[in-house]
Amino acid sequence: MRLANLSYRYARRAPWVLHEVDLDLPPGTVAEVTGRNGAGKSTLLRLLAGTARPSRGSVSGRPAVVGYAPEIFPVEQPFTVSAYLSHMAAVRGTEATSMERWVDRLGMAALLDVPLGDLSKGSAHKVGLAQALLVPPGLLILDEPFSGLDEQTRAELPRVIDEVAAAGGIVVVSDHQNGLTAHPGVTHLRVENGTVRAVALAGIQDLARDGSPGDAPARSIIEVLVDAGDAEAVARKLQAEGYEARIRGEAR
Amino acid sequence: MRPTALLAGFKISAYLRSHRIVQPFVGLLAVMIILYSSRVAPGQELPSYGDSAALLVPVFAWATRGLLDTEPDVQRLISITAAGRPGREVAAGLAASALVSAGLAFLALVLPPAIGFQAVPGTAVLLGGLALHVLSVLTGIALGALSSRPILPDAATSALTMLGGYVAILLLSLAPITWLTVPIISWMRAAGQDAFLSRSLPGLATVTVFWCALALVTYIRLRRTRP
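Taken in sequence, the protein lines are chains A and B. The first sequence runs contiguously to residue 271 in the numbering used here. The second sequence runs contiguously to residue 214 in the numbering used here.
The set of hints was computed from the structure by calculation and includes no laboratory data. Don't take every hint at face value.
Claimed, not checked - Covered stretches of chain A (chain B as the covering partner; in silico rule of three or more C-beta atoms under 8 Å from a C-beta of chain B):
1) 70 to 76
2) 85 to 95
3) 105 to 119
Unchecked claim - Here are a few chain A residues that face chain B, going by a calculated C-beta distance under 10 Å:
4) G147
5) L153
6) V154
7) P156
8) I160
These figures come from a predicted structure and were not determined experimentally. The beta-carbon is built from N, C-alpha and C at its ideal position, and this holds for glycine as well.
Chain B with its partners taken away, still in its complex shape (with noise of 0.2 Å):
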């Protein structure tokens, strides 16, 4: 466990020193003043939470992207010997990258009550708004890891295949049947029902947990041969 959490740390500290950084928190940014350019009425906050986790999916792959690219082919073999085996060092990635995702996501959730709504919401709306982004920040994560390097050694192919991922999720999400993808779509929806909590988050955490996993677990089966 230890030699894992000191490999993610070595990771965040070469993304945040070579300045990859800057992109995903440029996306971040422009997201954020897409959604709150004009301040959200009290009762809007969690449809605006809705579209925030929708839209910073490709943010929080980008994040993911860049911090598991930033570690060079060869640093990342030294890397698995000073961890002891491989196992650690893709753990050590995906712990690094929930990281820095994390921290991104923190700032999507306290923005809107400093400057984006009318009047800072109630718990529930809160906790609906972190569970959201808690879903985004998985797919993207997933999405992140997929396209990543070691899987996809050529740029541009990682690049599109990332953002035409999220696109084609975006779509598929569009049909009426929620556990044929990642349910973008159907978050948004939701966000704008009653009693979001109880009654819609159970069903779209199951089906969004199920995709994402089933993803990295793909990741983690293909860096067995890609390391």
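So that you can see chain A by itself, here it is in the shape it has in the complex (with noise of 0.2 Å):
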């Protein structure tokens, strides 16, 4: 899949949110997506998806089966989770029963039944997942897929998306949450200032290593020390501001 001097903005003149970008994405590639709120994320995605069109410059190779998981999924709509799922089996045009086989690996089982506007945001998060999932996605994009998920389910989603992309498929991943930034054979793909540009992996360890940037653009480390019981509260308050935060361990 190709994405050929791509550019995109909302109206005739708009500033560009996307622009001029080539990006190649061949088959099993796994590419994590990372940049600031607005920089253009998820623009990127629904291009990639096929549910945005470019201003300019063209996307050629998509495939044809393409499973999009939302960042916020709309729990505004009149059905069961069951249901819904059932009705976006047929439409993908496969049987209701491939469901099952998600539900058990999200742990859904005992969501079923329950009407989408009920769901927590974490349980409403997996049927998003579930749907792009019904029938094996030669393309699947994940919007910040991490969010607001169980252990369980953070724990077995690199493992579907290692499947996907075994078989041939390409996943790109939206990711404030750095939940594949230590994932083996992952491109990272960052967008800031209406590029896409690929970032080495080992740029990003030795900025964590010892601040140097290897060649990323000139980053900083900075050290903030909180009570432990409220370092993952912060770390997610950085990482939804956009920030790479991580939690290093505890100080003595």
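Work from the hints to combine the two standalone chains into their complex.
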């Protein structure tokens, strides 16, 4: 799959959200997309998924089956989880039983008869993931897939991603939670100033180790000491702001 | 074709389960009560159908707009990927709207012979009524689609555009130039004249289909940049 000279803006005279982006995503690619809020990550994902048309340039070689899991699953729909997934399975031309595998793997058995409007954020997110996986996707787009998930599903998701990639699928993940940062074989893409560029993992590791940015632009490490109980909340706040934040351990 | 049909089924199911159909249904009942509170005398059935078709345009537009707006914006994106391409999602929305409006139009056609007419009219009148309501459904779908949320995100602007559009069409169609807009007033006038099916309907249908096709092509083109 290839993005050639791709540009996008919301209106004719609006500023470019993405400008002259060139990107190759061969089969089996797992790409993690990072960038600050409003940088254009979700727009890039929608262009990849084919739900938005480029203002200029082209997207070629998009696989026929695309799975798209949005950042916030729309729960304002008058269906139970089971009825919703049955409808989506039918539209995708597969049996309703195809949901069973994902009901088990994503821990959704107790949710099947629950109306979508009654779901918690994490449970709704699982429904969004399940519908994207009903048919093995050639292109899987996951917008903040780790957000609000329980530990079990957070651990399962990288395995699911690996399976899709191993079958020749392309997986593109927007990820503020750094759920895939240390995952082997991941291509790291950074959306910044309207462009998309690959960032070497080594550069990220160097930066974490000694502050030398490699071929990435100058960045700094700041130390923030907080009570151990608050660490996760503070890290999530920083991640939500678009910063790379990781808990390094306890200080004595 | 199959993903489009199944997606249309999903949209209709969501529309019915959300009870949004109650609003145009109440509108339909109000029109039926106004038109048929006293029974229509023999020979006056086709003019009644003409009035019904003209008055039901905003009801069909309301049903279309309500159906297209039932799906949350993000669900439309999911539906596009599930169906395979954006065009199928647009087609499914229009097909679902047509089915719902056709159901309402069916009621507007069969209720009068059952309770509104003094005598059951002949085939020519029923065919004339059917043709008029098909034109009304088409106009309603075009108006409803152009005022749906992907095109006009603001709810107040959308409602005003839909109702204002209907009033504008009514006013413009008062003019003696039939082709200026959808000739709603001419539908009503022609329905009261002899040989409606053979003399007036072809010309009125051609103009109506032209304007509705233009509106729907505009809607489809606008949806290319408004998923």
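Here's how the hints hold up against the structure:
{"no.": "1", "hint": "70 to 76", "in the structure": "holds (count 3)"}
{"no.": "2", "hint": "85 to 95", "in the structure": "holds (count 8)"}
{"no.": "3", "hint": "105 to 119", "in the structure": "holds (count 6)"}
{"no.": "4", "hint": "G147", "in the structure": "holds (8 Å)"}
{"no.": "5", "hint": "L153", "in the structure": "holds (8 Å)"}
{"no.": "6", "hint": "V154", "in the structure": "holds (9 Å)"}
{"no.": "7", "hint": "P156", "in the structure": "holds (9 Å)"}
{"no.": "8", "hint": "I160", "in the structure": "holds (8 Å)"}
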